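Novice: Read off the chains here:
Protein chains: 2
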Amino acid sequence: MYAVIMAGGRGTRFWPRSREKKPKHLLDITSDRTIIQETVDRISPLVQPENILIVTGRKHARELVRQLPEVPVQNILIEPVRRNTAPCIGLAAIHVMKRCKDDVMIVLPSDHGIADPAQYRKVIAAAAKAAEKGNALVTVGLKPTSPHTGFGYMEGGASAGRIADQPLLRVKAFREKPDRKKAEAFVKSGNFFWNSGMFIWKASTILNEIERFLPDLYSGLMTIKASLGKSSEAKTLSATYKGLASISIDYGVMEKAKDVFMIPASFGWSDVGSWDTLWEISARDKNGNAATGGSQAIFENTENALVYSPKKLVALIGMKDVIVVETKDALLVCKKGQSQDVKKIVDLLEAGGENQLL
Amino acid sequence: MYAVIMAGGRGTRFWPRSREKKPKHLLDITSDRTIIQETVDRISPLVQPENILIVTGRKHARELVRQLPEVPVQNILIEPVRRNTAPCIGLAAIHVMKRCKDDVMIVLPSDHGIADPAQYRKVIAAAAKAAEKGNALVTVGLKPTSPHTGFGYMEGGASAGRIADQPLLRVKAFREKPDRKKAEAFVKSGNFFWNSGMFIWKASTILNEIERFLPDLYSGLMTIKASLGKSSEAKTLSATYKGLASISIDYGVMEKAKDVFMIPASFGWSDVGSWDTLWEISARDKNGNAATGGSQAIFENTENALVYSPKKLVALIGMKDVIVVETKDALLVCKKGQSQDVKKIVDLLEAGGENQLL
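One line per chain: the protein sequences are X and Z, in this order. One point on numbering: in the working numbering, the residue at position 329 of the first sequence is 342, and numbering is uninterrupted. One point on numbering: in the working numbering, the residue at position 332 of the second sequence is 345, and numbering is uninterrupted.
Next comes chain X alone, as it looks inside the complex (with noise of 0.2 Å):
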C-alpha cells in the first residue's frame, strides 16, 4: 500500500510564519513536529516510509529531505510547476505503476490536523480495503461540526454495507462552498458532510478514470511515465508537465466518475487553514488564551488571545480576540475573525516589491 503527501501549498495564510520557502506544512503549528511530520508519523503505522510518495515543487524537497528522513529521497516527487491535484495524483500514480505494476494509494493533502489518530487509521484502512475489492474511488466524508461555508460537501447516497467495521455510502453528488443558509441545510439533514481532499484508489482505478474523463492529461501522463528512470527524465517530466491543464481532482474526476463511495467519519479533523483555526484546536486557559510554540506570555485583562511569540516575552493588555504573532523579521496583530485577510497583507508586500517578507 502506499501514501501520496500532497505537497504543493504555499499557505500564505500563516503570515509572517509561512513564507515561500516555508509554507504551512513545513511548520511547527500544531505541535513540536512540523504539519507534515505530524502527517507521516499518522500514516506510518499502516504505510511504510518506503511507500511514502510526497509530491512537491523543487523549492521545498530539500527542507523536506531534511525534515522527513525516514522518506527515501527518491520518494520526493517534483512537480516542475504547479497544476493542481489531478495532474499531481496523475504523477504519483504513474510512480507507483512504475514500481509495483499496480497498488492501493492513499492521497493526502500534507497539511491537516487530525485530533483521534487511531480512529483516522482505522478510517484509512477500511477505506483501502474498499478500494481494493472494488476497484472503486473511495473517499473520507467528514461529519461537519459547524455549517462551515469554506469546504465543499458531499451528498450521502445508497447504503454500500460495512467494511471493516466502517460504514461504506455511495456519493450522491458533490456540492462546492455553499453559502450559509445551504451549509445550515446541509447540517440540518445529517446526509452531508464535508469533502476531506483525502481519496483512497488503486492506481489503475484512478488512472482508468483519467483516461476516460481527462484524455489529455492521461496522454501526458504516459509520456512521463515512458521516460521514468531514463536519462531523458527530468527533460520530459518538465516539458511535459508544463503542458498539462490545471485541474482539480474533484472537478476533473470526481463529480463525473460513477463508482464514488465515502465512508462517513468523524476524527477530529481540523483544517488549519487560518491563525483563526489554530486558536480553535489549541490548548486555553480559563480565559481562553493560548500560548503556542513556546510563548512566554502575560495576560493581563486579556481574553480570547492567540500567541506565538517564541523568542521575546508578550504581554496583553486589555486585549478581547487578538492574535499576535513575532517572527525574526514581522509581526503581525490582528483581530480574531479577520485572519483571513492575511492574504491581503502577502499581496501588499507582494506588490511593494518586499521579497525578504514574502
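Each hint should be verified, as a subset may be incorrect.
For identical chains, the list gives no copy identity; a pair is met inside one copy or between any two copies.
Said to hold, decoys possible - Below, simulated PhoX-like cross-link-like pairs (lysine-lysine); rule was C-alpha separation at most 20 Å, straight line: (1) Lys-201 <-> Lys-156; (2) Lys-142 <-> Lys-271; (3) Lys-341 <-> Lys-325; (4) Lys-325 <-> Lys-357.
Calculated from the structure, these hints are not laboratory results. Keep in mind that this is a model prediction, so the values were computed, not measured.
Take the given structure of chain X and dock chain Z to it, following the hints.
Specialist: Coordinates of chain Z only, in the frame set by chain X:
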C-alpha cells in the same frame, strides 16, 4: 542664569522601551532626540550649557554624559538615593551658590513635551525676571486643556501686573489631584492651572524657604555644602543624603510659602506620561494611526493605533485603539486607555525575578 533638570524618574510606564537602565527621559520617544536632549535643546537659547545642571541617579550618569556632550561632566549631580524633589532642588541650589554665590535657577522636569518652545522660552525668561526682581518663588501655571485628574492644580490669586509681556499672578492655593467633578469645576472657573512642576527662583530664595519650612533638610544641605570640592565630598554627600526625609518641594515649601507667583501659560505642554499620551501627541494618518520611531507598518482595517517597531515590519488587521511596542526582547500589545497597567506588567516581571526585562 542656571537651569536645573531633575532627571531622577524611573519611567516604568513606557515599558518595554523604558527600563531601569533607560528611563523615559533617556529615550527618543517623541522625536529622534531623547526627551532629555529635547529638554536641554529647548532651554539652551536661554542658558549656556556650562550652567545646565542635571540631577540624577548613579546608574544613569554615564548615559547622560553620552547623550549630552555639551554639558560638562561635573554638571551631572548624582543623588546617592532618591529623596523626592525638595532635597534634589536643595542639592542643586547649594551647587549654584558654590559656583557663583547666587543666581536664578530654572528648575525643570526632564520628561515633558513642549509643542511651542519659543513661547515656552518667553514664559521662562519672564519668570526668571520676576524671580530675580522680587526674590519670589515663581512657577508656571498651565492653562488646562481638559479636566485632567492626574495633575495637581494651582488657583490663581491677585494680579501682580505684567513682566516681560507676560501676566504674573499670585498663587492663591495649591490643590492636589482632584476627582473628575472637581477637575471639571476647576476648568470651568478659568482660574485654575495645572502645576507644571517648573520652578524659577534664586538659589538663595529657595534655600531661605527650605531653612524656614524644612530645617532638617537645610541643615543637611549645609553639611553637604561645606564638603563641596573637598576630598570628603562624596562620603559626606552619601552619608547625609541618606538621612534626608523624602519630601516634594510642593508639599514641603510651595504650599506653605507666602510669596508664590505664577505665569499662566500655554505652549503645547504635555507630560508624555504614558503610551496613551504619546498617541495623542503623535502625527497620525486619516484613520488615526501613528507609526512612530521610523516604524514600517501596514494598517489594514485599523484605526487609532500607535505602533513602535523600528526594526521589524508590523501588520495590523482589524484592530481598533491598540498600542503595539516591539523591542529587542519584549513585545507589548495594549488596549488604548489601559496603558497605565503597563506598570502591572513591570511589577509582575519584578516579582517573577525577570530582571533582564526590567
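Novice: Taking the hints in turn, state whether each one holds.
Specialist: Going through the hints against the structure:
When the C-alpha separation of Lys-201 and Lys-156 is checked against a cutoff of 20 Å, the pair qualifies only within one copy, where the shortest distance is 11 Å, while the shortest distance between copies is 66 Å. Proximity of Lys-142 and Lys-271 under a CA criterion of 20 Å is satisfied intra-copy only: 19 Å inside one chain copy versus 100 Å between copies. In this assembly of identical chains, the alpha carbons of Lys-341 and Lys-325 lie at most 20 Å apart whether taken from the same copy (10 Å) or from different copies (8 Å). Proximity of Lys-325 to Lys-357 under the C-alpha cut-off of 20 Å is restricted to the inter-copy arrangement: shortest distance 18 Å between copies versus 26 Å within a copy.
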